[in-house]
Amino acid sequence: MNTKKTSLYQLHQESNAKFVEFAGYQMPIQYSEGIVEEHKFTRNHSGIFDVSHMGQLFIYGGENLIKDLEKIFPLDLKNLKLNHSKYSFLMNKDAGIHDDLIITKINEGFLIILNAACKDNDIKILKELLEEKYKMVLDENRSLIAIQGPKSSQILNDIIAGVKDLNFMSGNWFSFQDHKVYITRSGYTGEDGFEISIPNDFVDKLTRELINKGSKLIGLGARDTLRLEAGLCLYGHDLNKDKTPVEANLKWAISKERISKGDFIGSDIIIKQLNNGVSKIRVGIKPEGRIIAREKTKIFNQSDVHIGEITSGTFGPSVNGPVAMGYIENEFSKKDTKVFLEVRGKKHPANICGLPFYKKSYVKGATK
Amino acid sequence: MSEVKYSKEHEWIKLEGDVATIGITKHATEMLGDIVFAELPEKGSNVEKDGTAGVVESTKAASDVYTPVSGEVVDTNQAIVDDPSKINQDPEDSAWFFKLKIKDQSEMDTLMNKDDYDKFAKETSA
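Respectively, the protein sequence lines represent chains A and B.
Its first residue numbered 0, the first sequence is counted upward by one per residue in numbering that gives the first Met the number 0.
Its first residue numbered 0, the second sequence is counted upward by one per residue in numbering that gives the first Met the number 0.
Derived by calculation from the structure, the hints in this document are not laboratory data.
Keep in mind that the hints are not guaranteed to be accurate.
Simulated DEER-style distance windows between Cβ atoms [unchecked claim]:
(1) MET30/B <-> ASN350/A: 40 to 50 Å
(2) ASN156/A <-> GLU41/B: 53 to 63 Å
(3) GLN12/A <-> ASP89/B: 21 to 31 Å
(4) ASP82/B <-> ASN106/A: 52 to 62 Å
(5) ASN350/A <-> GLU8/B: 34 to 44 Å
(6) MET30/B <-> LYS70/A: 41 to 51 Å
(7) SER84/B <-> ARG343/A: 15 to 25 Å
(8) LYS346/A <-> ASP81/B: 19 to 29 Å
(9) SER278/A <-> LYS102/B: 27 to 37 Å
(10) ARG343/A <-> ALA78/B: 47 to 57 Å
(11) ASN171/A <-> LYS25/B: 24 to 34 Å
(12) ASN239/A <-> ASN112/B: 44 to 54 Å
Capping the alpha-carbon separation at 30 Å, the derived lysine-lysine pairs in DSSO-like fashion look like this [said to hold, decoys possible]:
(13) LYS85/B <-> LYS39/A
(14) LYS295/A <-> LYS85/B
(15) LYS285/A <-> LYS85/B
(16) LYS42/B <-> LYS4/A
(17) LYS48/B <-> LYS345/A
(18) LYS39/A <-> LYS98/B
(19) LYS215/A <-> LYS25/B
(20) LYS113/B <-> LYS346/A
(21) LYS85/B <-> LYS346/A
(22) LYS215/A <-> LYS85/B
(23) LYS17/A <-> LYS25/B
(24) LYS121/B <-> LYS3/A
(25) LYS333/A <-> LYS255/A
(26) LYS17/A <-> LYS98/B
(27) LYS297/A <-> LYS102/B
(28) LYS121/B <-> LYS346/A
(29) LYS113/B <-> LYS345/A
(30) LYS48/B <-> LYS285/A
(31) LYS118/B <-> LYS346/A
(32) LYS17/A <-> LYS85/B
(33) LYS102/B <-> LYS345/A
(34) LYS17/A <-> LYS42/B
(35) LYS17/A <-> LYS118/B
Which stretches of chain A does chain B cover? Using the computed rule of at least three CB atoms under 8 Å from a CB of chain B, they are [to be verified]:
(36) 3-14
(37) 142-150
(38) 288-295
Since the model is a prediction, treat every value here as computed from it, not as a measurement.
The C-beta atom is built at its ideal place from N, Cα and C for all residues, glycine as well.
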């Protein structure tokens, strides 16, 4: 299979991107300034991310679609207001996660943003579950970019007036030079920002205008350090089919209203785990020194017993130190519990900590 | 001034008397990206030619640092452990990694000179 290119490929090349293959796409991992500078620029100013490899799935339908989707997603979709978004999961019968996603109520139905590596399988599953009753379009004629960071609202609003009035996790249709764009106030960096769904033919133009206003292209490398500092999960690493939303410490995303009734895929397991607790759970882990504990690093307790594993770990440029997340036996999941991480044959001390690692208030005033 | 030699693993080595200073090349730092962690061999330990003698990590991945010659570690550069970004800034001078009292001067002959290394680096990164 040939690797696909997004509509911003030429702009990435002009911007000296280093490319990697990701989920079948040629994607920029970084540009000339490098991951650390790109990360900091996003936190302090504004960064643009090409996330066009992600799936934009439109499902069209009315009341019946809402009922059918509620059998799939643990969300109170009948009360989801027009243009409002929710974070959710596509689960199997055991509540294992096929994908994590954002679902938005639009006029004609729903827009679901899916992970690039999962989208084809997700659609297969959804088609089966919905028995082809509804029109579903994975729209490959639209690109998706995110603009993130404290200056993003002003920059985007200068080009597309009105976006600054959007509330977090809500969206609307706007126009960019007479072309329909759907913009939500959301993102995956821990910063204020927007995601913009725009026809492929115009994404290059919009992105160049955003750059002219002071934003910069940011690669997937910094996207990863930003999301990890923000305590957000990456599918295929922190989430997979063997982990449930309760184990992933994401129970806040499950509608309380829906739990009381149960009737969605995986609800038996979810309810059981909410009532009885889980044996392993996702936590934040902060190594004491500078040692970086990567994915698959083993976690030990103070008696040298293997109690868990790291699922994401890197150096956090804004935290200015190593950060990690992983799954650990529940009894060791309390904040400030001391654990040991085995890196290159040696055990290094670390502490269980709350997420996120990076909060806006923490850095405000602390940096230049 | 003594000649600087280069290894296929992208280390540079400068010999003065029987003490060699070793670091990683600018080309290596460009391939690695921002270096955020460095681990050095222990002072007093012995390292063998082509064996592991440290680690550097970028935000993305960890890479071993090899020693191009054998010897006893007589000094290490704590400054790059405390601030690994120095390695990106000045890899072939102030951000050296460790110094060895070398055992066998003839091991130097197996290494590349600057022209050969530059050619090698260009070919392997293409």
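A quick look at each hint next to the structure:
Distance hint for MET30/B and ASN350/A: a CB-CB separation of about 33 Å, inconsistent with the stated range 40 to 50 Å. Evaluation of the 53 to 63 Å hint for ASN156/A and GLU41/B yields a pass: the beta carbon distance comes to about 56 Å. The hint said 21 to 31 Å for the Cβ distance between GLN12/A and ASP89/B, and at roughly 30 Å that hint holds. Range check, ASP82/B to ASN106/A: Cβ separation about 54 Å, and the 52 to 62 Å hint holds.
The supplied range of 34 to 44 Å is met by ASN350/A and GLU8/B, whose beta-carbon atoms lie about 35 Å from each other. Range check, MET30/B to LYS70/A: about 50 Å between beta-carbon atoms, so the 41 to 51 Å window is met. Between SER84/B and ARG343/A the C-beta distance comes to about 22 Å, which sits within the given range of 15 to 25 Å. For LYS346/A and ASP81/B, the hinted distance range of 19 to 29 Å is satisfied, since their beta carbons lie about 22 Å from each other.
For the hinted restraint 27 to 37 Å between SER278/A and LYS102/B, the CB-CB distance of approximately 53 Å leaves it violated. At about 22 Å, the CB distance of ARG343/A to ALA78/B disagrees with the hint of 47 to 57 Å. Between ASN171/A and LYS25/B, the C-beta spacing of about 49 Å breaks the proposed range 24 to 34 Å. The given range of 44 to 54 Å is respected by ASN239/A and ASN112/B, whose C-beta atoms sit roughly 50 Å from each other.
Restraint check for LYS85/B and LYS39/A: the C-alpha separation of about 18 Å stays at or below 30 Å, so the hint holds. Taking the CA atoms of LYS295/A and LYS85/B, the gap is near 29 Å; set against the 30 Å cutoff, the hint holds. A distance of roughly 24 Å separates the Cα atoms of LYS285/A and LYS85/B; the hinted pair therefore holds under the 30 Å criterion. Taking the CA atoms of LYS42/B and LYS4/A, the gap is near 49 Å; set against the 30 Å cutoff, the hint is violated.
With a C-alpha separation of about 23 Å, the suggested pair LYS48/B and LYS345/A falls inside the 30 Å cut-off, and the hint holds. Restraint check for LYS39/A and LYS98/B: not satisfied, since their Cα atoms lie roughly 34 Å apart, outside the 30 Å limit. Pair hint LYS215/A plus LYS25/B holds up; C-alpha atoms about 26 Å apart against a cutoff of 30 Å. A C-alpha spacing of about 40 Å is found between LYS113/B and LYS346/A, which places the hinted pair above 30 Å, so the restraint is violated.
Only pairs whose Cα atoms come within 30 Å are accepted, and LYS85/B paired with LYS346/A is accepted, the gap being roughly 27 Å. Between LYS215/A and LYS85/B the CA atoms are separated by roughly 25 Å; this keeps the pair inside 30 Å, and the hint holds. In summary, the hint linking LYS17/A to LYS25/B is supported, as the alpha carbons are separated by about 17 Å, within the 30 Å threshold. Taking the CA atoms of LYS121/B and LYS3/A, the gap is about 27 Å. The hint holds against a cut of 30 Å.
Restraint check: the Cα-Cα separation between LYS333/A and LYS255/A comes to about 24 Å, which is no more than 30 Å; the hinted pair holds. The suggested pairing of LYS17/A with LYS98/B is violated, with an alpha-carbon distance near 34 Å, which exceeds 30 Å. Proposed proximity of LYS297/A and LYS102/B is contradicted: the alpha carbons are some 38 Å apart, above 30 Å. Using a Cα cut-off of 30 Å, the hinted pair LYS121/B and LYS346/A is violated, with the two alpha carbons roughly 39 Å apart.
About 37 Å separates the Cα atoms of LYS113/B and LYS345/A, which puts this hinted pair outside 30 Å; it is violated. With a C-alpha separation of about 35 Å, the suggested pair LYS48/B and LYS285/A falls outside the 30 Å cut-off, and the hint is violated. Between LYS118/B and LYS346/A, the direct Cα distance comes to roughly 41 Å. Violation of the 30 Å bound is thereby established for this hinted pair. The hinted pair formed by LYS17/A and LYS85/B meets the criterion: a straight-line CA distance of about 22 Å does not exceed 30 Å.
Distance check on the hinted pair: LYS102/B and LYS345/A sit about 29 Å apart at the alpha-carbon level, within 30 Å; holds. Proximity of LYS17/A to LYS42/B is assessed by CA-CA distance (about 37 Å); at most 30 Å being required, the pair is judged violated. Distance hint between LYS17/A and LYS118/B is fulfilled; the C-alpha atoms sit about 22 Å from each other, no more than 30 Å. Coverage of the region 3-14 of chain A by chain B is violated [criterion: at least 3 residues with CB-CB distance below 8 Å; count 0].
Check result for the region 142-150 of chain A against chain B: violated, 0 residues qualifying (beta carbon to beta carbon below 8 Å, three or more required). For a cut-off of 8 Å, the count of residues in the region 288-295 of chain A with a CB near a CB of chain B stands at 4, and the three-residue condition holds.
When held up to the earlier numbered hints, the structure conflicts with 1, 9, 10, 11, 16, 18, 20, 26, 27, 28, 29, 30, 31, 34, 36 and 37 and fits the remainder.
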